[in-house]
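Colleague: Chain residues, written in single-letter form:
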Amino acid sequence: MRLAFEHVTHTYQAGSPFQATAIKDISLTINSGEFVALIGHTGSGKSTLAQHMNALLTPTEGRVTLDGRNINEKGVSKRDVRQRIGLVFQYAETQLFEETVAKDVAFGPKNLGLSQEEIDTRVREALERVGLAYSEIAERSPFELSGGQMRRVAIAGVIAMRPEMLVLDEPAAGLDPLGRQEIMRMVQGFHRAGTTVVMVSHSMDDVAETASRIIVMDQGQLTLDGTPEAVFADAERLVALDLDVPQTCRLSLALRRRWPDFPMCVRMDEAYEALLARLKGGKAHA
Amino acid sequence: MLENITLGQYYPIKSPVHALDPRVKILLLIAYITGVFLVPDLTGFIIVLLYLALACRLSRLPFRLLVKSLKPLRMILIFTFILNLFFTGGETPLLNLGFATLTKEGLLNALRYSLRLVFLVLGSSMLTLTTAPVVLTDGLERLLSPLKVIHFPAHEMAMMMTIALRFIPTLLEEADKIMKAQSARGADFESGKLFERAKAMVPLLVPLFVSAFRRAGDLAMAMEARCYHGGEGRTRLNVLKVERRDWIAILITALFIALIVLEPRIVPWHV
Amino acid sequence: MADEIIVLKDVCYKYEDAARNAVDHVDLTVRRGEMTAVLGRNGSGKSTLVKLINGLILPDSGTVTTDGMDTQDDALVWDIRQRAGMVFQNPDNQLVATVVRDDVAFGLENTGVPSEEMPGRIEQALKAVNMLKYAERAPHLLSGGQKQRVAIAGILAMRPDIMLFDEATAMLDPRGRREVFDTVRQLNREGMTVVWITHFMEEAAQCETVHIMHDGAVVLSGTPQEVFSDRKRLEPWRLDVPPMAALAQRLRAAGVALPEGILSIDDMTREVEALAARL
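Keeping their order, the protein sequence lines are chains A, B and C.
Just so we're aligned: the first sequence equals residues 1 to 286 in this note's numbering.
Just so we're aligned: the second sequence equals residues 1 to 271 in this note's numbering.
Just so we're aligned: the third sequence equals residues 1 to 279 in this note's numbering.
Note that these hints are calculated values from the structure, not bench results.
We put the CB at the ideal spot given by N, CA and C, even for glycine.
One should not assume that every hint holds.
Said to hold, decoys possible - Pairwise CB distance ranges, derived in the manner of DEER restraints:
no. : chain 1 : residue 1 : chain 2 : residue 2 : range
1   : B       : 168       : A       : 273       : 19 to 27 Å
2   : B       : 160       : C       : 31        : 39 to 47 Å
3   : C       : 72        : A       : 177       : 53 to 61 Å
4   : A       : 113       : B       : 15        : 38 to 46 Å
5   : C       : 230       : A       : 147       : 54 to 62 Å
6   : A       : 9         : B       : 146       : 56 to 64 Å
7   : C       : 186       : A       : 118       : 54 to 62 Å
8   : A       : 20        : B       : 192       : 48 to 56 Å
9   : C       : 72        : A       : 121       : 32 to 40 Å
10  : C       : 186       : B       : 65        : 32 to 40 Å
11  : B       : 233       : C       : 230       : 24 to 32 Å
12  : A       : 72        : C       : 78        : 52 to 60 Å
13  : A       : 9         : B       : 160       : 40 to 48 Å
14  : A       : 147       : C       : 78        : 27 to 35 Å
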C-alpha cells in the first residue's frame, strides 16, 4: 500500500472573507509498514492533513492517491478508502452511541455490508486487540465504562474494519500516565502486527520511543521529515519553532555545554548508556 | 471549519445606530411597527421610507444587506400581493382577465399590504443588524425585569439565551467532528431515502446529546463555583444609560409617528 | 494556626449509588502561600477532594475549613467560593459569556461588585494572565491555553486567596500547558495559595508539597524530592516518577554516584557536571 500526497493545499471557506489556508503544498508518501508520527502545534495543520488521508476532506488543490489512484475521483468508493485507512479522532470516545459495546464496535463492519457472522468475529477480535475482554464488556453500555475503556472501545470500532493503515489523532490525550502508556503499547502492538500507523501527537517522549519516522508541521507546511534521529538531531530548530523535544534531547543539549561531543540522545536507553559511559568509575573525560 | 460563522444577522461596525441603548432600540422598533400599521394611505409609506432611509444612512449599513433580509420572505410577499389583488373586490375595474377582474381597490390593497410587510421586515432587520445578540438579550432582560413581580423569569431567560449563544459554535464544531468520525467508520449521511437518512442521524445525534449534557453539567458546576446564584443581588458590568443620542432618536421617531398620523391632513391628495 | 489556610479533618465523602467512599478519612493541611500538587490515577478521589475545599460538595463526616470558614456553614458558602476560586479541566465548559471581558466580569456580577469597580479589576486580572489584548474576543476563537488563562482571570478578578485547579492542563498541548502552568507559578510567587491537581509528574515536581491519592485516601505526602525518590515506592498506586528521576535512579543502581532528589533536567545537568568535575 502506498499513500501519496501530491502538492496538496486545503483552504477552508475558500472565496469567503473568512478563508484560511490550513495546509499548503504538501507532498509526502507513506508506505506499508511505517510508523509515522505527525507533530506540530495546535493549528499547524496536522489534523487537516490527517483528514485528507481517508477522503474526509478533499484537497482544494493537488491530489491524494492510494496505490496510484486519486481517492477523491468519481468512481472511487469513499467507503473502500475509509475501510483501508482507518481514522481515530482525538477524544474518540465522544463518538460512541450504541446501547452496547458490541453494537457500537459493529457499526463500522455493518456499514461495510458484512454478514452477521463476520461482524461478530470482527467485534470479538477488535475488542481483544484493544485489550478488553469480550465476555465482560460486550453487553455493557459504553456510557458506564471508565474514560480509558471508552477510548479503547472507540478505537476497537475502527480496528473492526480491519484497516491496512491506522491514523490516530492524539490517541492518549487526557489519560493518566498509566493509561497513556497502555494506549501507546497498544498502538505499538498494532504496528508490530503489520498495520501501518500514522500518529498525531504532542508528546515528544512518546514519539521518540515509538515512531520510525517523524513529520513536523508548522503553519500548514511540512518543515521536517525523517527518522527520529535525523529530526531530533536538529533539536535546536524544533526548540526555535517553540515545539517540544524529548526530555533526553533537552538533556543532551544541556550537557553539550560541558561535553560538546555528547551524543544527541533520542530515547531514554541511549541517554542512560551515554551517561553511564561518561560517569562510571573515572571513565569520564574531565 | 465552522468557527467563523456569525450568529444572527449582526453586522459589526461602529455607527450612531449601533451605539443606541438596546432598550431604546427595542422600544423604537415597537413605535415604528405601530407607525407602519397607522399609515392611512399609500402616500404615508413615503414617510416610512424616508424614516428608514435616514436610519439606514446613520447606521452605515450597506443598503443591499437590508434588502437581503427580504429574501426569505419573497414567497409570502408574492402571495400576499396576489391574494389582495384578486380577492379584494371593489367597483372600479381596471382589467378583465376573464376568470377574475382587476380592480383599482384590489391593486391599492395589494400594494398597501405588501408594503406594510416589506417595511415591517426591514425595520426589524434594522434592529438585528445593528445590535449584537447578547446586547439585544441584555436589553430585553432589562425591559422585562419589571415583570418579575408577576414571577416572569426575565433574568433566567436572558441567561439561557447568552449561554445558548456562547455554546452554539462549540456544538456546531463538535457536530462536524462527530459526523466525520462516523463517516470514517463508513457512515453515510447523504444518500438514501428520507427514512434511512433520518436513521443515519442517530450516530450523530446521540453523541451530540451526550456531549451537550456533559457540558451542561460541567458548566453548571463552574458557574456555581463562580458564585452564580440567580439574578438576585447581581450587579452588571455594562450599565445601560440613556444618552443624548437616544433622546434624539426618540424625538425623530416621535416626529415620524406624528407625521404619519397627520399625513391625511397635510397632503391634499389621497391615494 | 492562622498559617494553615485549608484544613481537612477526617473527611469522608461518598457519591450517591457509589459502593465506596470517593474521599475516605482524609486529613490534609495546606499552608498559606504554598503550591501543593495532588497526584493520583483517574478515580482516585482528587477532584472530589478539591470540590470539598470550596464547598461545591459537603463532607458526609469530618470538617473542611477553608480560610477559617467551615464549609458546612450555609451562610458562608458564597464567601468561601469567592476566596477559593476553581479552574476546571475542560476549557470549553467553564466560560459563560460570548466575549472575554464579559466572562471575566461574571463572578464579579454574581458577588454584587459595584459596576464602576469592575472595569479596573477586569483589566488587572486580564493583565496578570497576559490576555488583555484579547478582551473583546469571542472565547470559542481562542486556543485551549488562552481559554484556561481567561478562566484564571475570571477567578483572579474576584480577588481570592486560594486557587484550586482540577487538571487544568490535561486537555492542552505542550505550549498551552506551559502557558498555564507558568501563569499559575507566577501567581503563587506573588502569594496565591494553589492546589494543583495533575497527571504530569514534571508539574508536580515544581510544587512545594506533593500528596498522592489512591482509592480516596491520601497515601503519601512530602516534598517532591521525598515523594519521587524511589520508583518502586509509587508502583502500588500505579504512578511513576518524572523521567529524569527515573534516569537518575537507573544510573545510581548501576553504580554512578548521583545524589538523590534529581527531578528535572536542570537538576540532572547540575549534578552530572558536579560529578564529572570530581572524577
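Colleague: Is 24 to 32 Å respected by the C-beta to C-beta distance linking residue 233 of chain B and residue 230 of chain C?
Modeller: Between residue 233 of chain B and residue 230 of chain C, where Cβ atoms are some 53 Å apart, the hint is violated.
Colleague: Lying within 32 to 40 Å: is that true of the beta-carbon distance residue 186 of chain C to residue 65 of chain B?
Modeller: violated, 46 Å
Colleague: Using the Cβ atoms, figure out if residue 9 of chain A sits within 40 to 48 Å of residue 160 of chain B.
Modeller: Given range 40 to 48 Å: holds, Cβ gap about 42 Å.
Colleague: Range hint 52 to 60 Å: satisfied by the CB atoms of residue 72 of chain A and residue 78 of chain C?
Modeller: Between residue 72 of chain A and residue 78 of chain C, where Cβ atoms are some 57 Å apart, the hint holds.
Colleague: Does 19 to 27 Å hold as the CB distance between residue 168 of chain B and residue 273 of chain A, or does it fail?
Modeller: violated, 55 Å
Colleague: Against the range 38 to 46 Å, how does the distance between the Cβ atoms of residue 113 of chain A and residue 15 of chain B compare: consistent or not?
Modeller: violated, 59 Å
Colleague: Should the hint that residue 160 of chain B and residue 31 of chain C are 39 to 47 Å apart at their CB atoms be regarded as holding?
Modeller: Given a distance of about 42 Å, which is inside 39 to 47 Å, the answer is holds.
Colleague: CB of residue 20 of chain A to CB of residue 192 of chain B, is that within 48 to 56 Å?
Modeller: With Cβ atoms ~33 Å apart, the hint is violated.
Colleague: Could one say that the CB atoms of residue 230 of chain C and residue 147 of chain A fall in the range 54 to 62 Å?
Modeller: With Cβ atoms ~29 Å apart, the hint is violated.
Colleague: Okay, residue 186 of chain C versus residue 118 of chain A on CB: inside 54 to 62 Å?
Modeller: Holds, since residue 186 of chain C and residue 118 of chain A (Cβ atoms, about 58 Å apart) stay within the stated range.
Colleague: Is the distance from the Cβ of residue 9 of chain A to the Cβ of residue 146 of chain B consistent with 56 to 64 Å?
Modeller: With a Cβ separation near 57 Å, residue 9 of chain A and residue 146 of chain B satisfy 56 to 64 Å, so the hint holds.
Colleague: Assuming the hint says 27 to 35 Å, is it satisfied by the Cβ distance from residue 147 of chain A to residue 78 of chain C or not?
Modeller: Between residue 147 of chain A and residue 78 of chain C, where Cβ atoms are some 32 Å apart, the hint holds.
Going down the numbered hints, you'll see the structure goes against 1, 3, 4, 5, 8, 9, 10, 11, while the others check out.
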